[in-house]
Structure formats: C-alpha cells, structure tokens
Amino acid sequence: MNVLSGDPPRGRALQILLILIILALAAAPFLFPGARALNVASKICVMILLVASYDLLLGYTGIVSFAHVMFFGVGAYGVGLALYGMGASWGALALGLVAALALSLALALAIGLFSLRVQSISFAMVTLAVAYAFNVLASQLSWLTGGEDGRSFKVPEVLQPGFRLVEGKVFGVALNGRLITYYLVLVVVAAAFLVLLRIVNSPFGRVLQAIRENPFRAEALGYRTVFHRTLATCISASGATLAGALSALWLRYVGPDTALSFSIQVDVLVMVVVGGMGSLYGAILGAALFVFAESYLQAVMGALSQAAAEASLPLLPALFHPDRWLMWLGLAFVLAVYFAPTGIVGALKPSGAKAN
Amino acid sequence: MSAVDAGGALPRRSMEILPALTPVVVALVAAPFIGSLSTFVTLTAAGLAMGMMIFTMASGLTLVFGMMDVLNFGHGAFIALGAYAATLVLLPLANWSSADSVSLNLAVFLLAVIVAALMCGVFGWVFERLIVKPVYGQHLKQILATIGGSIIAEQLLYALFGPAQIPLALPKTFEGSLIVGEAAIEKYRVLATLVGLVVFAGEMLILNRTKIGLLIRAGVENREMVEALGYRVDRLFVGVFMAGSALAGLGGAMMAFYRGQVHATIGGEFLVLCFIVIIIGGLGSVGGSFVASILVALIANYAGFLAPKLALVSNILAMVAVLLWRPRGLYPVSGR
Numbered sequence: 001m002n003v004l005s006g007d008p009p010r011g012r013a014l015q016i017l018l019i020l021i022i023l024a025l026a027a028a029p030f031l032f033p034g035a036r037a038l039n040v041a042s043k044i045c046v047m048i049l050l051v052a053s054y055d056l057l058l059g060y061t062g063i064v065s066f067a068h069v070m071f072f073g074v075g076a077y078g079v080g081l082a083l084y085g086m087g088a089s090w091g092a093l094a095l096g097l098v099a100a101l102a103l104s105l106a107l108a109l110a111i112g113l114f115s116l117r118v119q120s121i122s123f124a125m126v127t128l129a130v131a132y133a134f135n136v137l138a139s140q141l142s143w144l145t146g147g148e149d150g151r152s153f154k155v156p157e158v159l160q161p162g163f164r165l166v167e168g169k170v171f172g173v174a175l176n177g178r179l180i181t182y183y184l185v186l187v188v189v190a191a192a193f194l195v196l197l198r199i200v201n202s203p204f205g206r207v208l209q210a211i212r213e214n215p216f217r218a219e220a221l222g223y224r225t226v227f228h229r230t231l232a233t234c235i236s237a238s239g240a241t242l243a244g245a246l247s248a249l250w251l252r253y254v255g256p257d258t259a260l261s262f263s264i265q266v267d268v269l270v271m272v273v274v275g276g277m278g279s280l281y282g283a284i285l286g287a288a289l290f291v292f293a294e295s296y297l298q299a300v301m302g303a304l305s306q307a308a309a310e311a312s313l314p315l316l317p318a319l320f321h322p323d324r325w326l327m328w329l330g331l332a333f334v335l336a337v338y339f340a341p342t343g344i345v346g347a348l349k350p351s352g353a354k355a356n
Numbered sequence: 001m002s003a004v005d006a007g008g009a010l011p012r013r014s015m016e017i018l019p020a021l022t023p024v025v026v027a028l029v030a031a032p033f034i035g036s037l038s039t040f041v042t043l044t045a046a047g048l049a050m051g052m053m054i055f056t057m058a059s060g061l062t063l064v065f066g067m068m069d070v071l072n073f074g075h076g077a078f079i080a081l082g083a084y085a086a087t088l089v090l091l092p093l094a095n096w097s098s099a100d101s102v103s104l105n106l107a108v109f110l111l112a113v114i115v116a117a118l119m120c121g122v123f124g125w126v127f128e129r130l131i132v133k134p135v136y137g138q139h140l141k142q143i144l145a146t147i148g149g150s151i152i153a154e155q156l157l158y159a160l161f162g163p164a165q166i167p168l169a170l171p172k173t174f175e176g177s178l179i180v181g182e183a184a185i186e187k188y189r190v191l192a193t194l195v196g197l198v199v200f201a202g203e204m205l206i207l208n209r210t211k212i213g214l215l216i217r218a219g220v221e222n223r224e225m226v227e228a229l230g231y232r233v234d235r236l237f238v239g240v241f242m243a244g245s246a247l248a249g250l251g252g253a254m255m256a257f258y259r260g261q262v263h264a265t266i267g268g269e270f271l272v273l274c275f276i277v278i279i280i281g282g283l284g285s286v287g288g289s290f291v292a293s294i295l296v297a298l299i300a301n302y303a304g305f306l307a308p309k310l311a312l313v314s315n316i317l318a319m320v321a322v323l324l325w326r327p328r329g330l331y332p333v334s335g336r
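Residue numbers (the working numbering), protein chains in the order written: chain H, 1 to 356; chain D, 1 to 336.
Since the hints were made in silico from the structure, they are not lab data.
All values derive from a computational prediction rather than experimental measurement.
Where a beta carbon is used, it is the ideal one built from N, C-alpha and C, also for glycine.
Check each hint, because a few of them may be wrong.
[Said to hold, decoys possible] Partial pick of chain H residues on the chain D-facing surface, computed with a CB cut under 8 Å: (1) M86; (2) W90; (3) Y132; (4) Q140; (5) W143; (6) L144; (7) L175; (8) I264; (9) V266; (10) H321; (11) D323; (12) R324; (13) L326; (14) V337.
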C-alpha cells in the first residue's frame with residue numbers, strides 16, 4: 001500500500017468505519033441530496049485536513065499550539081480577500097493562497113524560533129496570546145478585512161452555483177458549480193492527507209515521535225530538536241492554511257466567526273483527542289463524529305430537554321438544552337484524556353497490536 | 001533545571017531592582033508624548049487600577065504554576081465564575097447597593113467579592129480533585145484536561161445563568177469620579193487599586209512571614225526536599241490551588257464591577273492576559289507578576305491613547321521585548 005505510505009489503519013472495525021466514512025464523503029452529493037447535507041460533508045472534509053495537520057503537532061511531536069486556528073484564518077482571509085479585491089479569477093485565487101502560505105510560514109517560523117527554544121509550556125501560552133491578538137487585529141482592521149461582518153466574495157465562474165457542467169441531471173443530481181467545488185475540496189483534502197501521512201512515516205516523522213517521547217534523548221542522539229519542532233510547526237501551519245483556503249472557497253464568505261474564533265481551536269482539540277492523538281486516521285474519525293454531532297446531536301438534545309421539561313425535573317432541561325451540546329463533548333474530551341489517550345483509533349485497534 | 005543554579009541561590013538573594021522599575025521607566029518615557037499632565041494622571045491611575053485587577057487574577061495562576069507545576073487553562077472559568085458569583089450577591093441586595101450610605105455600599109461590595117472568592121475556592125477544590133489530580137506531572141495531559149474542564153465549566157455557567165449578559169451596577173458611593181487638580185479619576189479605580197494592594201501585601205506577608213508561606217516557597221524551589229522533611233505537600237497543593245482559584249474569582253468579581261456587566265467570555269479574555277503577565281513576570285513569581293501586571297496595563301493604556309491601533313498588539317510587543325531582554329521573565333524562579 002504505497003499510497004498509504006505503509007501505514008494502513010489497523011484493526012477490522014477501524015478499517016470498516018474508515019471505508020464507510022470515506023465512501024459516504026465521496027458519494028455525498030448523490031447519497032444525501034440537499035444543501036444542508038452537502039454543507040456538513042464539506043465541513044467534515046475541511047476539518048479532516050485541519051485536524052490532521054494539528055495532529056502532526058500535538059499527537060506526533062507533542063507540542064500544544066493554540067495558534068492553529070490562526071493559520072486556518074490566514075488561509076481563509078488570504079483567499080477571501082484576494083477574490084474580493086481582485087475579482088473572481090483563478091489567478092486571484094492562486095495569488096491569495098500563495099500569499100497566505102507565505103504569511104503562515106513566516107508567522108510559524110517566528111513563533112517557533114522565538115518560543116520553542118525556551119520551554120514547550122511557554123509555546124502553548126505564547127501561541128494563545130498571538131492567536132488572540134491576531135483575532136482582535138482581524139476584526140479591528142475593518143478597511144481590509146470587513147471587521148466583524150467579514151467579506152462575502154465571488155468565486156471563479158466554474159465554481160459558482162449557476163454553472164452547469166452538463167445540462168440535465170445525473171442520478172437525479174444537477175452537476176452544478178457547488179458540486180464541482182465540493183469535489184475540489186474533497187480531492188485537495190485527500191491529497192494533502194496522503195502527503196501528511198507520507199511525512200509522519202518518513203524518517204523526519206520518526207524523529208518527531210522521538211522528540212515527543214523524550215526530547216532530551218532525541219537531542220542527545222544528535223537531532224536538533226528546535227529545528228525539527230519548528231519545521232513541524234511550519235508544515236502543520238501550511239496544512240491549516242490550505243484548510244482555511246478551502247473553507248473560504250466553500251463558504252464564499254470569510255469572517256472572524258467562521259475563520260478565527262477561538263471556539264474553532266477548541267473544536268479542533270476535541271476532534272484530535274476524541275479521534276485519537278498520534279494517528280492521522282483519528283482525524284477522519286474525530287472530524288466526522290464531531291461535525292456530525294454538531295449538526296445532528298442538537299436535535300436529539302432538544303428532544304431530551306423537552307422530555308425533561310415535561311417531567312418537570314430540575315436543571316436537566318437546561319443541561320440538555322441544544323446549545324449545551326459542547327458540554328457533553330467536553331465531558332467526552334476529559335474522559336478521553338484520562339482513559340483513552342489514543343482516542344477511538346486506540347480503542348478500535350486490535351489488542352496485541354503495538355501502538356506506534 | 002540545573003544544580004548549579006540552585007546552589008548559587010541558597011543564600012539570601014538580593015532583589016534586583018531594575019526589573020521592578022520598568023513600569024516607572026515606561027511612564028516616564030510615555031509622559032512627554034502624552035503632553036497634558038491631567039491626561040497623564042488619568043491614564044496612569046486607570047492603568048494602575050487595571051493592573052491591580054489583572055494582578056489579582058494572574059497571581060493565582062502563577063502561584064499554582066510555581067507551586068504545583070500545573071499550568072491551569074481552566075483559570076478563565078474561575079474568573080468567569082467569580083464574576084457571576086458577584087451578581088448572586090448584588091442582585092438580591094440591590095437596595096443596599098443603591099442606598100445612600102457609604103457603609104452599606106462598601107458592605108455589599110466586600111460581601112460580593114468575598115462570596116466570589118469563597119465560591120471559587122470551593123469550586124477550585126472540586127476542580128483540583130476531579131480534573132487536575134489524575135494528571136500531575138504530565139504537562140500535555142494537564143493542558144488538555146484543564147481545557148476540557150474549562151469547556152465543561154463554561155457550559156455549566158451558561159446552563160445555570162443563561163447565555164445573556166447580566167448587568168451589574170456599581171454601588172452608589174463608587175460611581176463617578178474624583179477630581180484631583182484637573183485630572184478626573186474614577187472612584188472605583190481607587191477602590192480597585194486599594195484592594196489589589198491589600199491582596200499583594202497579604203500574599204507577600206503570607207509567603208514571607210508565615211510557616212505556610214515558608215513551606216510553599218520551599219515547595220516551589222524543591223518539592224522533594226519538603227516531602228522528605230515530612231510535610232504533606234499534596235495537602236499544601238490543594239490549599240494553594242484553592243487560594244489560586246479564589247484569587248481568580250476575586251479578580252473576576254472586581255472586573256465585573258468595573259465593566260458593569262457579566263458574561264462568560266470574560267474568562268477567556270483575561271486568561272490570555274494572565275498568561276502574558278506571568279510569562280513577562282517570570283513563571284511562578286508573585287512579585288514578578290505584580291510588576292508585569294502594572295507594566296502591561298500601563299503600556300496598554302498609554303498605547304490606547306497615543307496609537308489606538310497599536311494598542312491591540314501592545315501586550316504581545318511588550319512580552320516580546322521583555323523576553324528578548326530577560327528570556328525567563330523579569331524575576332525568574334530558580335529551579336524552573
């Protein structure tokens with residue numbers, strides 16, 4: 001399995017689950033027609049890339065960064081503002097993406113070189129502070145970013161909803177620009193995921209895992225840990241930037257809430273930990289589960305809350321209120337940290353198989 | 001980290017004076033640019049008050065980190081809880097607050113902040129037992145577990161108090177401003193500065209003049225040695241965690257009065273500021289966080305007046321500048 005870089009998912013249950021998710025994503029426009037289902041599917045795709053690139057940092061290298069959503073935002077704003085300012089052309093899209101990648105790399109390099117050499121714990125705090133400042137900056141520089149309102153923009157013609165690849169319908173689905181956008185997102189995410197898989201299974205990836213397990217020893221073996229950590233930060237930042245660009249392309253809108261909000265960072269953390277740290281396949285499971293829960297769990301909770309209210313139980317209606325769904329995922333998150341540090345992937349791995 | 005450091009630090013260290021003077025230097029540098037004296041006095045007073053409130057929150061965080069090596073990302077939840085706790089006192093006692101009597105006004109204010117501190121202390125105990133205790137000594141898991149804890153706590157706050165902002169009026173006595181010369185200083189800022197100074201003095205007295213303080217300082221320097229001498233460091237830990245949480249609640253309640261409204265987002269906002277402050281001050285150093293709080297607040301206020309756009313990132317710039325000068329903060333704690 002060269003495509004998977006010799007690291008296929010282990011365990012029958014895990015394989016079946018992954019194949020089901022990937023098939024569902026690949027055929028989503030035909031299996032689940034409707035704008036809402038396609039939104040959920042594309043969000044899952046974007047999140048898979050975002051979470052997988054974060055896992056490179058958190059799960060493989062053992063670095064906690066809170067600036068990941070900032071790089072996501074850089075990608076989204078880069079593409080969004082380029083398309084907004086220069087009109088809907090592929091050139092503007094490419095320019096925006098390149099500029100965003102350059103900015104992300106510069107930021108990641110600066111943060112990494114500045115704080116990774118001090119203490120890993122200060123890296124967590126510094127990234128949190130920088131990401132916060134970036135968020136405030138983006139919502140204040142309204143002449144450039146549109147402030148809190150963000151910017152809506154037009155995408156290249158082929159990707160617009162009005163565009164038809166062929167007249168008529170195929171399997172009852174119109175082949176319009178949204179469908180093309182969805183498959184563009186899916187293909188880019190799949191390619192980037194395979195590249196990440198290649199990276200973590202390369203000698204470089206092994207060094208990252210060595211640093212995670214015992215940084216002192218890795219250094220004693222002659223690896224320059226600051227260099228490796230900084231490079232990991234840069235790769236991870238590029239992945240997040242790409243994810244941000246795709247997200248902006250799909251939403252045709254960019255604003256602080258969808259691109260920079262700290263709650264996205266928390267969501268990504270939850271997805272990585274619940275899916276499984278230190279395994280890129282965990283990103284697929286975590287993202288699919290989380291986005292699915294976010295989109296559909298609320299209805300279930302609403303019903304529970306209603307039932308509790310009718311039985312006039314104290315407090316329970318408030319706890320099961322649909323807006324409180326994040327609390328239950330937070331609970332799952334804490335339990336996963338304590339009892340299942342390798343998340344769903346670890347739980348589904350056949351017993352006896354060695355964790356990598 | 002290194003044995004040489006600890007050995008050199010054994011005799012009484014003379015306190016370096018230069019880092020403590022940085023806020024004064026900043027004020028002196030900023031003064032000519034601001035021009036008018038009354039504006040300068042107003043800005044400085046506001047900065048001091050803000051600094052004291054930030055210090056109250058940040059000192060709890062730095063104490064817990066210094067003592068227990070736990071970086072508590074759930075600290076923001078305690079700040080928010082303190083703010084909500086103040087409304088629990090103030091809303092039922094609204095007639096005390098609006099009464100035309102200084103003593104009743106002061107009583108309701110003190111009652112509110114004390115209740116906030118107590119509630120956060122108790123909640124801190126629960127948090128330490130449930131969330132932090134299982135992951136002592138593992139930084140990565142600590143960060144994750146405390147973040148998870150803060151997600152749950154924040155959502156619980158929304159569930160209990162509702163997602164809307166709650167208005168919180170200042171007691172009548174503390175509304176309005178004092179006029180000193182030509183400068184106007186809000187009365188509440190004077191009160192906040194006083195409370196902050198009392199907290200600082202109290203912490204310094206407890207840390208430097210009592211047996212408990214001696215044990216805490218010893219625990220920061222070398223935990224194993226204190227355990228070897230037969231002290232129950234784990235119980236001390238719980239106490240420090242509760243105290244740190246109580247300080248967060250106290251600061252959160254004071255900030256809620258200052259803002260005039262309560263919302264759970266206050267937690268995340270000030271958690272970031274607390275991190276910046278304790279990095280600048282030196283992780284684990286209470287004195288350092290005192291200086292750093294004032295420094296950060298003054299810079300933010302001056303920058304907000306002179307170059308409003310710059311003010312947004314002034315905290316980060318201040319942190320970068322200080323770390324370039326002293327990579328481990330203004331007052332590095334040995335043994336870290």
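Now for the hints, and whether the structure bears them out:
no.	hint	result
1	M86	25 Å, violated
2	W90	34 Å, violated
3	Y132	5 Å, holds
4	Q140	6 Å, holds
5	W143	11 Å, violated
6	L144	12 Å, violated
7	L175	42 Å, violated
8	I264	13 Å, violated
9	V266	6 Å, holds
10	H321	7 Å, holds
11	D323	7 Å, holds
12	R324	5 Å, holds
13	L326	6 Å, holds
14	V337	5 Å, holds
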